[in-house]
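Protein chains in written order, with this note's numbering: chain A, 1 to 220; chain B, 1 to 429.
Simulated from the structure, these hints should not be mistaken for laboratory data.
Treat the hints loosely; a few may be bogus.
As the list claims (entries may be wrong) - Pairs of lysine-lysine, BS3-like flavour, derived with a Cα cap of 30 Å:
1) A:Lys70 with B:Lys6
2) B:Lys419 with A:Lys64
3) B:Lys6 with A:Lys132
4) A:Lys140 with B:Lys179
5) B:Lys147 with A:Lys12
6) B:Lys419 with A:Lys10
7) B:Lys419 with A:Lys161
8) B:Lys16 with A:Lys140
9) A:Lys109 with B:Lys179
10) A:Lys62 with B:Lys16
11) A:Lys109 with B:Lys244
12) A:Lys62 with B:Lys147
13) B:Lys96 with B:Lys147
14) B:Lys3 with A:Lys132
15) A:Lys206 with A:Lys218
16) A:Lys218 with B:Lys424
17) B:Lys419 with A:Lys73
18) B:Lys419 with A:Lys17
19) A:Lys161 with B:Lys6
20) B:Lys424 with A:Lys17
21) B:Lys416 with A:Lys10
22) B:Lys3 with A:Lys109
23) B:Lys416 with A:Lys73
24) B:Lys419 with A:Lys109
25) A:Lys73 with B:Lys424
26) A:Lys161 with B:Lys424
27) A:Lys7 with B:Lys424
28) A:Lys62 with B:Lys419
29) A:Lys73 with B:Lys179
30) A:Lys73 with A:Lys10
31) A:Lys140 with B:Lys147
32) A:Lys17 with A:Lys70
33) A:Lys12 with B:Lys16
34) A:Lys70 with B:Lys366
35) B:Lys147 with A:Lys64
36) A:Lys161 with B:Lys179
37) B:Lys6 with A:Lys17
38) A:Lys109 with B:Lys416
39) B:Lys419 with A:Lys12
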Amino acid sequence: MSYIEIKDLKRKYVMSKEVSVEALGGVSFNIEKGEFLSVVGSSGSGKSTLLNILGGLDWEYKGKICIDGKDIKEYEPNFYRRHIVGTIFQQFYLIPSLSVEENILLPMKFVGTKVVDVKQRLEYLLDTVGLKSRREHLPKELSGGEAQRVAIARALIDCPKIVLADEPTGNLDSKTGESILNLLKELNKTEEVTIVLVTHDRETSKKTDRVITLVDGKNV
Amino acid sequence: MVKMFKYALDLILRRKLRTFLTSLGIMIAVMLMTFILFGMTDLQSAILTQFSSVFKPTDLYVSSQDMMGLSSMMSAPSKEAEKKEQVIVNEEIKEKIEEVEGVEDVYPMFILSGFDVYLEGDEIPYPRSFVQCVNLPGNHSMYTSFKGENPILKEDGIFVSDYVLSFFEISSEDILGKKIYVRSTTSRLLVPTTNKNMISREYVFTVQGVVETSNNAFWITADKGLDILVDIGRFTNRQEYIEKVGYSQILVSTAEGETLEVERYLTEELGLNVISTKTIVDFISTLTSGLAIALVVFGLISALVASIGIINTMVMSIYEQTREIGIVKAIGASNTQVLVIFLIQSGLIGLIGGVLGLTITYLLMKVSDPFLVEILKEQGFGSITQFFHFQPLNAIYITLGSILIGVLAGIYPAMKAAKLDPVKALRYE
């Protein structure tokens, strides 16, 4: 049994009675624990839809996704998004008025229970992403690469089992993009976290352990 | 919850000006409400206390005319009402009143108005003066206190009020024994028009006592008053005056528990106008309650307008924060948590408005209170030392009410925010 099992995943967007778009038309593949996997596909291939479903943002799908043998539909959506997965976006999505440190700690505002080691975890992540000296800075004072590092630290603050990265290097120059990929690779090893990276760039996907290619909503 | 509160606080502090402007509506509503609570309640009790100190609950003031115009203020004029006012309170009526069960004492009264009243050695007459003519001793409950040797008025004796002392700038000790000149001038006479040809006269009295009533008045005996009215009206004798004009008023003292029944008899059976403590209290209550209701209505309208302002602001901030809502949902915020964050924001706007309103009202109260007290004292409310009374408990209730208005106004926008689809919210431009 694989760590993540995706079976016959389908997603259709109904625009009107006559018009509907099938974004995913029966995607199936498995992901092993601690794997660094990339999903590659051109625009409209369904990779963002797949990531939204895996990230717990879209629950209107058909098929089955099991993590460690448990169907993700058995989780409360917000619990799933909070504790099971951490998501990194192409546009970083940092809160402009919050400092680096506050942005990283943002997910912890929605955790009901008190997290004792959160300060220690924050220091560790700031050190890992190399932003200890920029902790008080606002997002507008950061470069694109630094902003993405903040987003990575935010995704990892609550120790998720899986990190989903949606085009994490899409808004960065090649050198910065490479450093981000190296960081993800390092975290994949040190944190033993499973990473699913979505990209349209074949070169980026070559840095990962395995590549899944999506074409017109199906994996080939 | 604390973390979410801090986050919500951060959200509203990002838009300080808009938050302040939105909270202004609540602020105005709170100012109106606090004015009612801290001012009106005490105003009503002050008026009633002042009134009760002069009028005994068992006393009734009877006259042929509507003395305070209460009934005419509350209803349209009618011929029947006019006919009713033609009743003359003469000796026959007085005797009927004396025979009513429950009546203990009857004091006929006359009122001389429009006279110039001078103090010996002073050229300026006392303004707004009227002379009450009644055979009441100085220690009667109608007077708050009496200073003088003999409380029983002599034929040429006169009692003066403490207001008279302050006008003539003389102490109560010094005025005793001084002469008071009451001069009638035909141009200023306001005595009943049924009098015959009136002439100018001067009557001399000796100050026999000083009474504290917070009233612009002088008191002489009923007999002397009647003689003056007969004299200036050129009536043949007292009997003719009473038959044709009648007593100005009759003070009727009733036994405890009988007042209402006596009042009913005098008004319904004898067709007289009666002013009782109850009438006055009801009238004052109606006036102050009406004012309070008007202010409450204004307050509620302000609160409603303020609520619409909050709804508008919160809906606007949903559009501005759509992507942020998407982000917090993507990183694990539940619908309920988003709902709570927005409710905290709207509640905070209410709180800011409430605190601002209370603070401004408090400061205005502190600044204006001495002036209001001064004005009220001039109007006869000598017992008032403070007009506004800041009530901490009510201030807490008002603050909680402001928060509640904010929260209620925030329900719709908060629900709208909570229901946002995170995928669509993240894509929102």
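Okay, which hints does this one fail, numbers in order?
1, 4, 5, 9, 10, 11, 12, 13, 29, 31, 32, 33, 34, 35, 36 and 37
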